[in-house]
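Peer 1: These protein sequence lines map, in sequence, to chains A and B.
For what it's worth, my numbering labels the leading residue of the first sequence as 1, then goes sequentially.
For what it's worth, my numbering labels the leading residue of the second sequence as 1, then goes sequentially.
Calculated directly from the structure, the hints in this document are not laboratory data.
Don't be surprised by glycine CBs; every beta carbon is placed ideally from N, CA and C.
Among the clues, some could well be false.
Said to hold, decoys possible - From the structure, some residues in chain A lie toward chain B, with a derived Cβ separation under 10 Å:
no.: 1; residue: S5
no.: 2; residue: G29
no.: 3; residue: F32
no.: 4; residue: A71
no.: 5; residue: G87
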Amino acid sequence: MSFYSTELGAMLVVIFIGFLPNEVWRVLGVLFGRRIDPGSAWMQWVQAVATALLAAVVARLLLVPSGALVALPLWLRVGAVGSGIAGFLILRRSVLAGVLVAEAVLVAGAWWLGVSP
Amino acid sequence: MNALPDSHPDDPARPARWFARGMRAAVSTPGLVLVATFIGFGGLLHDLGFPVLAGILSTLLVWALPAQVILVGGLAAGASLPALAVAVCLSGVRLLPMVVSLMPLMRGPRPRLLSELVCAHFVAVTLWAEGFRLLPKVALEGRPSYAVGLGCGLTALSMTGTAIGFYLTGALPGPLAVALLLLTPISFAILLVRNARQPVDWLAIGLGTAISPLVANSPGGLDLFWAGVGGGTLAFFIARYLPGRRA
Chain A
1 MSFYSTELGA
11 MLVVIFIGFL
21 PNEVWRVLGV
31 LFGRRIDPGS
41 AWMQWVQAVA
51 TALLAAVVAR
61 LLLVPSGALV
71 ALPLWLRVGA
81 VGSGIAGFLI
91 LRRSVLAGVL
101 VAEAVLVAGA
111 WWLGVSP
Chain B
1 MNALPDSHPD
11 DPARPARWFA
21 RGMRAAVSTP
31 GLVLVATFIG
41 FGGLLHDLGF
51 PVLAGILSTL
61 LVWALPAQVI
71 LVGGLAAGAS
81 LPALAVAVCL
91 SGVRLLPMVV
101 SLMPLMRGPR
111 PRLLSELVCA
121 HFVAVTLWAE
131 GFRLLPKVAL
141 EGRPSYAVGL
151 GCGLTALSMT
161 GTAIGFYLTG
171 ALPGPLAVAL
181 LLLTPISFAI
191 LLVRNARQPV
201 DWLAIGLGTA
211 ISPLVANSPG
221 GLDLFWAGVG
231 GGTLAFFIAR
241 YLPGRRA
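The following block holds chain B by itself, in its conformation from the complex:
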């Protein structure tokens, strides 16, 4: 396809226009649900006494709410930093298949490593789902700019949500402050159910939930580690070797 002439080779405004279109597409129902969950995260930050700017920075850099909740929750619970790094790392595994499956749609006609890394940074569950919905309608040469615009739009909205949640939670009356703090667990629970397709997924959800209270307060703040690795490994072997269960 190298012989294909670039339609507007000397129009520098084109990538910017794709970027702007992507950014506008961030304002959508999934985008607003995302903002609501980050408002909940802001409330959590306030509750745990985590500094607000560092919390907003985590939305920009980590850009994966489960990892962020594990990080600030673990710090508040007194987990050791290496154990937290391991738990954060394990929670991010689901990003790899998302990047692998969405990258062909984000890559554009001339793949460049740096542009792919920037695109990949914005991959999280919302951009992944929205990417599959929106990117096929975008012209091939505009896709990297569009994806980054969409990612920047979602990130900017979520950083705003984080700040709003942080300052709102102290000002809200009781039942509403409670509602704010429920946003994180309810959105994660729905996310788990939505993504569960095979028996191994349901087993992992059940075992992770069941093991979590058993290992609460385990030394070194390793409770998430045990529930995740233990529950996940059990689920994997049960689904794989139990007779009659062929997913």
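Extracted from the complex, chain A is given alone in its bound form:
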């Protein structure tokens, strides 16, 4: 058992490993916002890293899933997200439509495969 499996330990982790490293950017935005050029090469690099990081988070959630998603085959997980993106692009770039398409594909697939985790 690690110390963050208790509420207090996890709260400390949330504050020091989650809140502070993340909030830095909002504070910097307020303090230096008028002096930072969003088009500078430095900011473009930082932005590319943030985008790649988020894509890696999605890939990890789909490839090495947790809990109930493990019961589904990889092609269904990836297919659901792929059809959600397609739904978003086709249906007037509506986030809600994309999410609903992905969920419909996933639930239909899980039901058809008879998954019961």
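Guided by the hints, dock chain B onto chain A, whose structure is given.
Peer 2: Frame of chain A, contents of chain B only:
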């Protein structure tokens, strides 16, 4: 503009009214999509065995779902705390340009540092998009209160969603529990596609996705770090120096 008389200098109820209006504006389609993704996050917390109150606290304080997912996912995967702090920090970079671009609309007629910091805390992708839609219609002096009200409304809804997801996931039948857990990756994937405008964005999405499985289980839980920094840096240089690609 200092000579401009305050229309209601001795009416203390005015900021409260703007705050309440902002809070009501939180109940909207983007707000409800946000709540759904936080229900998914609550389900993830339950699955990973993360304590529920700390998870709800992360919604209030971190208020950026990618950072929260990196944090709880990394803890469950056994990542070291310094590596996690770096990954969380890198994921938050996108908040800076959002704060910079939205702040002129949130600032109000008399900028105050504390009020700007409070406003900035609520900046995340939903408030950013909704802010651009709603704030121009709000009177200048009401904008800070309105923005904070909108942020508080969205945060309160999302904290409720986190709790609901946590307790719901154990009670749901198989296919629906699965649907709950898909909410996080699908909303992030759509977010990435929606925000991608230039070749460098698409390159970063492709490389981050491709590198992630290659570096899975790298020592010290640094896989997100390598996929993010490696993929992002590659994307940056390819987009910048490849001939014929001028974004």
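Peer 1: If a hint holds in the structure, say so; if it does not, say that too.
Peer 2: Hints versus structure:
1. S5: Interface hint status for S5(A): holds (7 Å vs cutoff 10 Å).
2. G29: Result: holds, 3 Å to nearest chain B Cβ.
3. F32: Hint holds; F32(A) Cβ to chain B Cβ min 9 Å, cut 10 Å.
4. A71: 7 Å, holds
5. G87: 9 Å, holds
Hint violations for this structure: none, all hints satisfied.
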